[in-house]
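Numbers 1 to 223, taken from the numbering used here, label the letters of the sequence shown in order.
FRET-style restraints, in silico, Cβ to Cβ:
no., residue 1, residue 2, range
1, M171, A140, 12 to 22 Å
2, D45, N160, 32 to 42 Å
3, L169, A32, 24 to 34 Å
4, R101, D164, 17 to 27 Å
5, L73, I104, 13 to 23 Å
6, S117, R163, 42 to 52 Å
In short, the hints are calculated from the structure, not lab data.
All residues carry an ideal CB built from backbone N, CA and C; glycine is no exception.
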Amino acid sequence: MRIAPVLLFIFYLVFNGPPLQAGAWPREQGRAFVSTSVRLFWPQDITSWTSRQPTGQYYTFYGEYGLTNRLTLGADLGRSVSGQGKSVLFLRVPLHMRNARLKIATELGLGVIDGQSVLRPGLSVGLGLRNGWLSAEGLAEISPRKSAADFKLDLTWGWNLGRDRKLMLQMQTGQPYGKEAFARFASSIVLPLTTAFSAEIGGSWDLAGADTFGVLLGVWSEF
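Construct the entire structure; sequences and hints are all you get.
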């Protein structure tokens, strides 16, 4: 795959689609955030390569909008915990807002994964640091028809580098129903493109459940 067409596809989604994902931090009323990305994967064992073409790829779109200062509406499209395609709409509300540093929020999503209706409850915890943040975001993708559930937990450390640049280190873990649990380390840097748009560039390395490494290319916008 050539990278140039991928970048054009990303910009097409951002500009023509209907800070970072807020997690425990609610969106202010009338404020919105959208992001889209492409993730490419190759085997960690480069001696097994028969081509430089990625062996896996998927696209994601994520959006949030502040309906009120306490109620955030979101859309999450792309890839589920099980690896299947997903389309989920959710509502998030804060549970704890007294402490300016510690934020706790819960959400409930409804959607479709691999053609099956799903219910997706989630819980997010965030701690504001002097020059960054720590967060934990957990969710369950429950399929009533299959009487099964997939689980995911992401732990993130973010650091503000100045001039609107950000560094993020993340541990991504999950347990798909009937499959081996996975864990991967991911890191990325966010660079401002304009006052409204930022680019995210990063990579990932599987620690358990798979043996690939990945590259992330994405675009954010807040307005």
